[in-house]
Amino acid sequence: MPPIISISNLSKTYGSGFKALNNVNLEIQRGEIFALLGPNGAGKTTLISIICGIARLSEGRVTVDGHDIVDGYRAARSLIGLVPQELHTDAFESVWGTVSFSRGLFGKPKNPDHIEKVLKDLSLWEKKDAKIVTLSGGMKRRVMIAKALSHEPQILFLDEPTAGVDVELRKGMWEVVRRLQASGVTIILTTHYIDEAEEMADRVGVINKGEIVLVEDKANLMQKLGKKQLKLHLQGSIATIPPDLAAYNLELSDQGCQLTYHYDTKGERTGITSLLGDLRAAGIRFYDLDTTQSSLEDIFVSLVRAP
Amino acid sequence: MNFTAVRAIYKFEMARTARTLVQSIVSPVVSTSLYFVVFGAAIGSRITSVEGVSYGTFIVPGLVMLSVLTQSIANASFGIYFPKFVGTIYEILSAPISYFEIVLGYVGAAATKSIVLGLIILATAGLFVPLHIQHPWWMLTFLVLTAVTFSLFGFIIGIWADGFEKLQMIPMLVVTPLTFLGGSFYSVNMLPSGWRTITLLNPVVYLISGFRWSFYEISDVSVGLSVGITLMFLAICMVVVWWIFKTGYRLKN
Ligand SMILES: Nc1ncnc2c1ncn2[C@@H]1O[C@H](COP(=O)(O)OP(=O)(O)O)[C@@H](O)[C@H]1O
Ligand SMILES: [Mg+2]
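Chains as they are written, first to last, in this note's numbering: chain A, 1 to 307; chain B, 1001 to 1253.
Hint data in this document are derived by calculation from the structure and do not stem from the laboratory. Some hints here could point you the wrong way.
As a list, the in silico PhoX-like pairs of lysine-lysine whose alpha-carbon atoms are at most 25 Å apart [said to hold, decoys possible]:
| hint | chain 1 | residue 1 | chain 2 | residue 2 |
| --- | --- | --- | --- | --- |
| 1 | A | K117 | B | K1011 |
| 2 | A | K140 | B | K1084 |
| 3 | B | K1011 | A | K128 |
| 4 | A | K110 | A | K128 |
| 5 | B | K1084 | B | K1252 |
| 6 | B | K1252 | B | K1166 |
| 7 | A | K127 | B | K1011 |
Given the sequences, and given the hints that come with them, work out the whole structure.
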C-alpha cells in the first residue's frame, strides 16, 4: 500500500530567515502510530503545521493520500484531524458547541450520535454543556482532541499531547489512541515522554535542527542501536578493577560490590564469554548477574548529542 | 463550495453576538437615541429645516450610516482578530475551506449584524420623528452595500492588527472623524465653498448623501457618484483581501 503521507524534499524558511526544516523526506504508513521525537526547537511543530495548512512550505512537496497539500488542499485537509501543542479554545463556548463547530468547519453534515460517542470516549459527556473556561487543563486538552475527532479523520496529529497532563489522564489518552488505531486511523504524535513513544509507537523518527536524523521501526531501532549493560553482583568488594581487565569497558560501583560491563548487541562478539573467563582468572566471583537494555531515551540522547 | 463550513463560521459569529447582545445592539441603539435627544432636540429647535426637511428627520440617514459603518468595522475586525489573538485560528486554517469561504462566513455575519442594527436604529428613529422613505429598495441597496464594504474593511483591519491598540486605532483616528465630517449632521451645501471642496474628498460623504437621497431625494452629490464611489471602495477592499490570502499576510508564516 502506498504511504498515507509522503513528504519529499521539504524545507521551510521562516520570514525571519530562520531555516526550521531542511530537506525533510518522510513517509507515514497507513494505520501506523508514528512518533516524532526531537528536542525543543527541532521543527516538529513546524512540520505538522505545514502538513495541516497552518504554515506554508518553502520548498518540496507533501501529499496526503495522494492529494497535494497545496493544489488539493480540500481533499488533503478533510482527512486530517489536528490537536495542536497549545490549548487554543473558545473560552465561552460550550463543549458540545465547539466540537459541533469543528465538524461543520470540516464540511461534514450534523451527526449528534458521532459527537456523543467522541465525547463519551474522552470522558467529556458530563461536561458537554459546560463552558470551556470552566474546565481544567486536562479537560481542555481532551476537548481539543474531541474537536479533532469530530469530523472522523483518517489521520490524527497529536503535537505533544501529554505535555502537562497527569499520569491518569495520560493513560486514558493512550487508551483512546490505541482504539483509534484499531479503527484504522493513522496517528502521528510528538512527545517529550520518550518512554511513551517507546510504548506506543510502531515507528520512530528522530528530528534534530530541522533534519530527520533517523527513521526506524521501534523494535529495529532498539535492536540496532541498543546498548546493553551486564551487571555483576560481586561476592565481597574489590577496591579497584584489576589491570588484567583494563581492556574491558568496566565500571565499578556500589562500594566495590558491583561491576557493570557495557557492550553492544550489534557487534559481532559481545565479549561476554571472555570477560567471564578473565574474571574467573582474576579471582573475582559473583553471586548474581542481570542485563539491561538502553531505553529509547538513551538512544535518542546519543543521537542528538552527536556532533 | 463548502457551504457547511461557511454556515458554521456564520452561526458561530452570530452566536457570539447573541452572547454580547448588550454591546452589539443595545448600546448603539442607546447612543443613537442620545444623538436624537441632543442634536435633534437641542439643535433642531434652532435649525428648523434643512433643504426642506425638519432637522430631526434630516439627520436620520446619517445616524443610521454612522452606526452601520462603525459597527461593521468593529464586528468584522474583532471577529477575525479574536481567533488570531487566542490562537483558535489554527482550526480555520487547517480546515478544508477556501479563503473565499472564510471571508463569506466572517464578513457575511458582520454585515448581517450591522444591517439588522441599521434597521433597528431606523425603527428607533421612527419613535422620535416621522419617517418616510421615497426609495426603499435603494435605501436597502445602500445599506447592504455599505455594510458589506465596511465589514470587508474591518476584516482587513482585524488581520492587520497585531494588538488591541491597532484594532482600535483606524476606527478611532480615521473612521469616526470621517463619519462625523461626512455630513451626518449637516448638509455639505451648508459649508463655505473651501470647506465644501475638502469635504468632497471624504468618501463617507458619498455614502451618506446617497443614503439620504433614498429617503428624501435630497443629496449633496449625484446618486450615481455615490454608488460609484461605494463600489470602488468595495472593489479596493476585495483586492486587498485577495492579496492577504494570496500572500498569507499575518495569517500564515
Ligand atoms: N513563526 C516563526 N518565525 C520564526 N521562527 C520560528 C517560528 N516558529 C518557529 N520558529 C523557529 O523554528 C524552530 C522550530 O520550531 P518548532 O517547529 O516549534 O519546534 P518544536 O515543535 O520541535 O519544538 C525553532 O527554532 C523556532 O524558534
Ligand atoms: Mg513544538
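Exercise for review: Go through the numbered hints given earlier and state which of them the structure violates, listing their numbers in rising order.
Suggested key: none
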